Amino acid sequence: MNEASPRNNQIKRVGFILLEIGSILMSSGASTERVRRTVQRIANSFNYKAELFITFSALSITVINPRGSDTYNGIKRTPSHTVNFKTVSGISRMSWAVAEEKWTVDQIRHELSRLNALPHYSRYITLPLVGLAGAAFCRFAGGTVSDLLIVFVATVAGLFVRQEITKLKFNQYLCIYFASFTASLIAGLSVKLGMGGNHEHAFATSVLFLIPGVPLINSFSDVIDGNLQNALIRGLHGFVISFAIALGLLTSMILYKFS
Amino acid sequence: MDWTLLLEKVVWFGIAAIGFAVLFNVPVRTLPATFILGAVGGFCKLFLLEHQTTIILASLGGSLAIGLLSISAAHIKHAPPLVFSTPAVIPMVPGILAYRMMLGLIKLAGDVTGNSYNSILNETVNNGLKVMLILMSLAGGVAIPMLIARKESVKHLRLKKKITGTDKEKV
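These protein sequences, in sequence, are chains A and B.
Note that the numbering used here has the first sequence beginning at 1, numbered continuously upward.
Note that the numbering used here has the second sequence beginning at 1, numbered continuously upward.
Hints were generated in silico from the structure; no laboratory data involved.
Treat the hints with care, since some could be wrong.
Examples of chain B residues toward chain A, derived with CB under 8 Å [stated by the list, open to error]: (1) T4; (2) L6; (3) G19; (4) P27; (5) H78; (6) I90; (7) G104; (8) I106; (9) A109; (10) Y117; (11) A143.
Below, in silico cross-link-like pairs of lysine-lysine (DSS-like), each with a Cα-Cα straight-line distance of 27 Å or less [said to hold, decoys possible]: (12) A:K12 / A:K102; (13) A:K169 / A:K192; (14) B:K107 / B:K130; (15) B:K130 / B:K9; (16) A:K102 / B:K77; (17) A:K102 / A:K192; (18) A:K169 / A:K102; (19) A:K257 / B:K107; (20) B:K107 / A:K192.
Please read all numbers here as calculations on a predicted model, not as lab measurements.
Ideal Cβ placement from N, Cα and C applies to all residues, glycine included.
The following block holds chain A by itself, in its conformation from the complex:
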């Protein structure tokens, strides 16, 4: 052990935690520029300089001390992308606190584990509220009260199937496909039985709770910020999700012989 080892240890610890923060932010639905800014803000508060290379599925970091005598290099894979704005908001607040109050690495680690343990909304809240959001889409399209009810039931069922299938660790696009198929199957059934007037309203809006809003909006912000690679990849991700939704709808249409 040489005398530089404690300092070396510090830069390593900071680098580790920065990689972790970056990968959590990326997978929770922050734009590329936000990930970079947040990580650099925290690195600066330790008086280090951080350079990041951010992609959709992994990020790489170089942390340098002011004299350039110590560096840390690391790569971390990003966990699968699931939108979670509670962590985005929590980490953003934390980064300001770190910069203003000069937190230690241990404090950051403690706060990260607290943020990770924060509960999600329970299923009994999520299902009806998202069902209402689906009904709202139907209302904008000009649906009647019976259409709204149909879409509510279809959306709740579709989201339930999505949650259950995600637990079984299927491919994420396949999960979307199954959810879209379930929702449109239920909406289509009521149309087939003659409960709704015009089938277009209920049938088309029953799958809209699946639209990939966060990838598409982040794709646009990435274009503006000049992170064109990530923008293209996010756009493609959103496009494949849309395609999976359309495929689910199409399967129901073929089954019910709608045209």
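Starting from the known structure of chain A, arrange chain B on it as the hints suggest.
Just chain B now, with coordinates in the frame of chain A:
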């Protein structure tokens, strides 16, 4: 203009925003602000639509309103603006148009010839372009207020110009 119908749809916009906010697992303290943002954005869109604006410009207006308000909301509730603006703009996504575009594409891939092919092609391209431009104006409208402010973070950004320290003391 039918105000009760407009009001009802505006409330639905707010409800849809709340639904997506819950789906995205936002902090509980931001939910009321998200409802208001969604409702105001919806109101702007419907109001513009009533006054002979195209659906593309109306969506841009609605999302601009959401983008501006999300900066104030971020200050009041201490959360990044995207937490408010993303769930609020998603209800404006043109679902029916996208559905019609998809139907059109499927029909074009089938066996159609002559005049009916032309009319389906016309409709599909029209719907597809509308969907694309509306999506771009939604994402753009949310981003534009940040671009104009030329700030990396909204943390130190105030919508109203601040009175300088000395002036404030005098007043």
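| message | So, against the hints stated earlier in the document, which numbers end up violated here? | response | 1, 2, 7, 9, 10, 13, 17, 18
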